[in-house]
Structures are given as C-alpha cells and as structure tokens.
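**Student:** Starting from the known structure of chain Z, fit chain X onto it as the hints suggest.
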Amino acid sequence: MDNKNKVLEAKNISKSFGEVKALKKVDFDLNKGEIHGLLGENGAGKSTLMNILYGLYKEDEGEIYIRGEKVDFKSPLDSIQKGIGMIHQSSTLVPEFTALENLILGTEGNKMSLELKDAEEKILKTQKDFGLKFPLNTKVKNLPAGIKQKVEIIRAIYRGANILILDEPTTSLVEDEFEQLLKSLRLMVDEGVTIVFITHKIREVLQACDRASVLTDGVMQGTLDTTKASKEDLVNLMFQNQEIDITDSALPVIDLPEVKQTEEPILSLKNLSAKSKEKDGTDLKSINFDIYGGEILGIAGISGNGQKELAEVLIDPNNITEGEIILSGEKINGMTTNQIFDRNVFYIPEDRKKEGILGLGNIKDNVLLGHQHEKRFQSNGLISWDKVKSQTKEVIDEYKVKTPDEKQQIGKLSGGNIQRVIIGRALINELDLLVTHSPTAGLDMASVEFVFNRLVELRSKGAAVLYINEDLDELMQVSDRIGVIHEGELVDIFKQDEFDKYEIGSKMIGG
Amino acid sequence: MAVEENVIEEKSNWQKIWDGVKPYILALVIAFGVSGIIIGLLGYNVIKAYQTLLLTSFTSQRGIIETLKKFIPLTFATYAFAIPFKIRFFNIGGWGQMLFGGIFTAIAGIALSGLNLPSYIFIPILIIVAMAAGAFLALIAGALKAYYNINPIISTIMLNFIAFYTVNFVATTEPWKAPLSGHPMTIELPGAAILPKMFDELHIGIFIVLIVIFLIYFLMNRTVLGYEIMATGMNPNASSVYGIKMKKTLMLTFIIAGAMAGLGGGIEVMGVHKRLIEGFAQTSGAQYGIFGILTALICQGNPLGVPLSSIFISILLVGADAMQRTLQVPVELVFLTQALIVLMIVVLRRKAGGGYIE
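Protein chains in written order, with the numbering used here: chain Z, 18 to 528; chain X, 2 to 359.
Only chain Z is shown next, with the shape it has when bound in the complex:
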C-alpha cells in the first residue's frame, strides 16, 4: 500500500563534484500530498539532491522513480513533463516581462498568437484557489522578492507541476509573508500537490511540514514524522555526529554582557539625506541617530527600504544631499572609502559573493581587499605577500576557516567559510565602527552563532556596531537598540526593554 502512495522515490543517489562528494548513497521519498521538509546546514547537499530530481544535474549513481516508473532525466524539460516544478532561491523570471507574460512564456509554443485572455482566466483562478494574489500586468522587475516567488509558484502549478520543490523559500520573506505562503502551500496539498520544502531552520520545518528528512555532509540521516517528532529529535538527527552546544531556541542565545558605553557617540548622523547610487534604489531622508562605543545598533526594515544605501553612505559618503555624518567628532562627508577605512571603520556587505569577495581570487587576495593601502601589508611601499600570507594564516586559524591552505580559491568555499574570511578581514585592525549588513544570511546555526559572538566581542571592546538585518529575531538577539527604517526614513528607535516583535514589525511596514 505504501508504494502506491509514493509519488517519488530516489534510491542510492551519489554525486561528486571533482573531489567533493556532495551526496553519498542518499535515499529519499515523497508521499502524495505532503509537505516534506529537507533540513540540513549549508553545503549539506540539499540543493544538489533537488537539482538532481529536477534534472539539472545528473546523478553519478542511483535510481529515481516517479509514481513507480523509473525515470532518467536529461534536462529539466523531462522532469517538468513528469510534473516536477522547482522554485530556485534566486528568481528565474524575465525581469522585463510582466507577471502574466512570464507565466505563459514557453507554454504556448505551438500557437501563432498568444491567447492571453484564456490564460489570464485560468491563472486568475489558480491564484484565487491558492490564495497567491499578485498583479498580473506589472513588470516583474518592479515586484518585490516575496511576490516574485509567488509568480514562480503559480508558474510551476500552471505548467502542471504536482511535485513542487521550494529551495529555501523563506530567505527573502518576512514573518507575515511566511505564514501566507504556508497557507497557500496547505491549499495546494489539499489539491494533491506534493511539496518539498528546503530549509536550514528547524522552526520552519516544525511549523510547515508533515515529514522531514535531514541531510548532513551529503549523508541522509533519516526521515521523521514532524507531527510526532519534537525539536530535540530533529536537532539530534542534525547534529548527532557533531559536538555542538544546542540551545533550546532556533537561534543561538547570546548574552549581551555589561559594557560601559563611550560618553561621546562614535558615529552621528545629523539630518542625513542621500541619493541612492542605483536607479531603482531608495533615497535616504533626514536620518538622525548616534551610535556609542560598546553598542550594537540594529537596523530593522523590509528589504529595499534604504538599508543598502544607509550602509553605503557610511563608507562612501559622496551622494549626500543634506546633513552630515560625524565619525569620532570629525565630519566625513565627501571622504573616500580608503580615508574612512583609515579611521578604523570596516564594512561587511550584504551580498557576500557579489560585493564581499573576489570569487576568482584566493583567500590571500581576499584578506588584503580593503587593506591594500595599509602599511602593515607593505615593505618599502610595495605589497609584501609574506605579510599578507601570515595574516591570512592567522585569519584561517582564528576564525576556523575550513580550507586546505591560504591559496585556496575562495569562491569554492561554502558560504559559512567565506563569511568567516570576510569577518576575519574586517577585524584585522582594531575597529571603532563596524558596518554590517545581513552577515548571517544563509548561514547554518553554528556559523550564525559564530558571527553573533564576534559582534558581541567587538562591542565588549568598545567599538560601535551598525547591524542591519531583515531578520527581526536575529536583530533582537544581539542589539542594544533597534532602529526601524521604512522608505528611506528612520521611523523609530526601540530600546532593548521595549523590544516587541509586533510593535517593530508594524513600524517596518509603515504602521
């Protein structure tokens, strides 16, 4: 009877990339009409397994059965025909097309004209059925990430998917959106759709899933019935081979030690307005705040409300239209990034691959980035690679970067290890101010804890930290105060004893 119920079975799947074994003899199956969580840390092989089921990668060995029939996918075209749809972490929509155009793209290939009307009605019905509302005639590039995801889900369903793979669907969602998504997924399941929900957050698995499988280091640790299992069961499965201190919370608990704050603020923004560097960015409007030494100021807000602009104007204050930035008593308007870095400031950008590292370079090249003008890495005015090398080794040791050596290409490391290098680089010098934007995005729990500890250490040393993050839970863990940014304005600042998810959340959406 069981077998009738299995819509998908993967047996003994192995896959290597070069010398790295991404999957080791993995078994995986899906029951009809379930939400199946796939849980694991970064680099555990979750995406690899799903990409194989979707036909993007070819397994080295193993077999895949869809509804009892053996399949051999050569490309996603084959898997789509078998009713598999995958929603990737990054959008695969055509930005210049409207949502509707994206939805029908590729589905009406045999007709000379696009029958938009029929399609539109069908899509409107699907939207209504599953509670996934979005404007059909807006260009996708103008839609926020959360909506794009809805478009992608509808697209998969519209193309006849009945097995839906969602790769970390919650990374760009706020709490509200997550609950909405969950409702929609439930409606789909009621219609017989089977859903794979990839995540590294235990909380989400317990909230969203019927069953959950746990992958670590390419090995399938087992599958649990989440309606019966507890958080401890999942944690045990995830970490049974590791000695990691697991706390009860989904996030590592951090105690902020008593620190004497400086009398004068390290950073003051006085009525600061600045133009965004990007065409569709958000301009900053009359922002006022101070950060004192020994303080972490969190900045909360829904993505795209001026966070990136705020971070960038601090390290490159050249688009200021009004007001001033005072750093340790000195006005820094118009200074270059190098001049500001010379004043014991460093920056950890939001998008680590795009803005944080030289992916093609080795770890040494990357440790030097932002420090290239500093005397400590030079001798007689020339770069001393010996000095860079020994500093790099220190970073690797101190921050426990998992790498064969300092000559390893950084782009090939996992996200957590890349972030360790980025943080190590930021903390080479004694800092007065660290500006950091979502430093924990996409990291597993151990790495998140690592990042938190570093921020708190920095705070204990008397530095000021500007900590921008879209994840309110994380902000509340480590911030002394939380400022809320909305449409380029700093709408409110909450003190630690006033932290309230609902209050802050409503400010985030402009309430």
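Just so you know, the hints here were simulated from the structure itself, not pulled from any lab data.
Predicted model only: the values in this text are computed from it and were never measured.
In this text, a Cβ means the ideal position worked out from N, Cα and C, and glycines have one as well.
One should not assume that every hint holds.
To be verified - Each pair of labels, with its calculated beta carbon distance range:
1. X:Pro125 x Z:Asn355: 29 to 39 Å
2. X:Tyr149 x Z:Thr155: 30 to 40 Å
3. Z:Ser523 x X:Lys249: 40 to 50 Å
**Tutor:** The following block gives chain X in isolation, referenced to the frame of chain Z:
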C-alpha cells in the same frame, strides 16, 4: 597517515598543472592538425611546411635575430591588449597607439635634431615621448569610457583610423617628409636618436623589452595598483565597495596599455626604420597591434604569459615568411592556424570551467 595526505596533495598539484596546460596542448594539436589538412589539400608538402614554419627561427643566426626583432614590438602590442583585458576591457587600439608612438618619436626626433644631443639623453627623451603619445591616445578611450560610458572597443577602433591617417599626413607633409620619395616616409632621424645595434641587425630594443617585462611583472604582482587591477578584474563590485576607484583603475590601465604600445612604435622607428614610414608597425602584411590582440588572447591576458605567447607567435611569423618564400605556401594559412589556436584555447578553457572570456 600524514605522509599519505601529502602524496595526495602533490598528486593534485600535478593534476592542477596538467589541467592548466592541457587546453593549450590540445589547442595546438587541433589547430595544427586542421591547418595541416588544409595545407595538404592545397597540394603542399605538410611535413616540410611545418618544418619550415616551426624551425626556421632556430636553424640560423638570421632566424633567431628575425624572431627577436618581431618579438620586441609584438610584446609591447600584446601588453597593450592584455592589461586592460585584466579588468575586462578590450583595447583594440594597440595598433593606433603604436602608430602614435612612432609618429611623435619621429616628430620629436626631427625637431630636436639641431640640438646635437648625445644618445644617452636623446634616446630616453624619445622613449618618453613615444610612451606619452601612445598613452595619450589610449587615455582618450579610457576617459570616454569612464565619464561617458562609451565602449572602448568602438572608441579605440575609431582612434586607430585617426592614428593611421596621421602617419600619412606626417609622412607626406613638410617639414617632415622625405623629398623625392614615392612611399610616404619622413626624413631620417639623427644618428644619436637611433638605437645602437648589438648583433647583426638586432638593436638594444631587446633590452628595453626585457626590462619592461620585468617591470610589468613587478607592477602587477607587487604594487597596490597591480593588486587593484587584479581585484577589479575579478570582481568590480566588491572592489568598488572596498575603496578601489573603478574610473581611476580603468584610466590607468589604458594609460599603461597605450604607453606600452607607444613605446613599441617608437622602438620600431628608432631601431628598425630610422624614420617614420607608412607600414612601419607591420609584419607579414598585418599590424603588430592586431597580432597583439591574438597573442594576448592566447595567454588570456596573463602578464607572465605575455612574453611566452609573444615569442611563440614570433616564431610562427618568421616561419610563415620562410614558408611563403621557399614553399610558396601562402602566409595567410599561418594566420588561419593562429586564429584556430586562439579559438580552440578559448573553447577548451571554457569547457574546463576556466578562462576569462564570457
């Protein structure tokens, strides 16, 4: 246990080297194979043709000197493309920048001829003039990109034409033009402006090129500017976030590139022709500036690879001339081989997941 790990490490290092070299060897084999078939089909003796092509450079003193004489300007032209290529800009203007270097070397050489400067002052002055002239032309393209976002491919090609016709203008206009000459050329530069010969026809430009090879290596690997060029090439976004100024880096790479090409042109004027003459920066009927693009693509713009791929192409060029002379195999067939090599390297490196060109 530890020993075993070391062995594995070493093995994978050799593997890495092999992975790096493999596309080149394969590219050569395929390119020579395909051109061999064509040469054969056209009725020539393939083995003899290849013998001539590859060995002429080594079989006589004259061959060696000819090869080095091509190696000098070709290396400069190759740097002219390779350095902006590091930050993913295409300087198609090496050709024009080289001509500009030659033009102003001749103009300055003629203008200063009355001063009776000694060689050790005259030649350095002309070297600086040549570099400045090439750098100036390249900077126009760099600045147009930096401030008006005009694609350097377009601007450098246009500037090439300006340089090309400026050669004709200078070579046919008083006071520079040589009287009673059918071909556009200027009068000869004074003796003190001519690069001394060392062996036979080989002038001291070979030393200049060796010094430049060293300096460029040094620039790219040990200076902050070199690091910033490399970083910008790897990721312009991250580089600008961490304080590297894109516009400055862009213009500096074009200035260096133009200076290289200009110096190459000046050395051709001072060392080979002793005057500005139409076609002074050509070999086998094509501009060094064009070969430079090809040569730079072979080494994927790697500054260490520039001299290697320059010497390789120089050998082919000398061999091609000899092949045409002795076997009547058209020189164009060698160009075809070169183009095939470049194509195959690009394809094979791409397949291996590396390579610059996207």
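**Student:** The structure should be examined with respect to each hint, and the outcome stated for every one.
**Tutor:** Taking the hints in turn, this is what the structure says about them:
1. X:Pro125 x Z:Asn355: 29 to 39 Å: 34 Å, holds
2. X:Tyr149 x Z:Thr155: 30 to 40 Å: Holds: the Cβ-Cβ distance is about 33 Å, inside 30 to 40 Å.
3. Z:Ser523 x X:Lys249: 40 to 50 Å: 46 Å, holds
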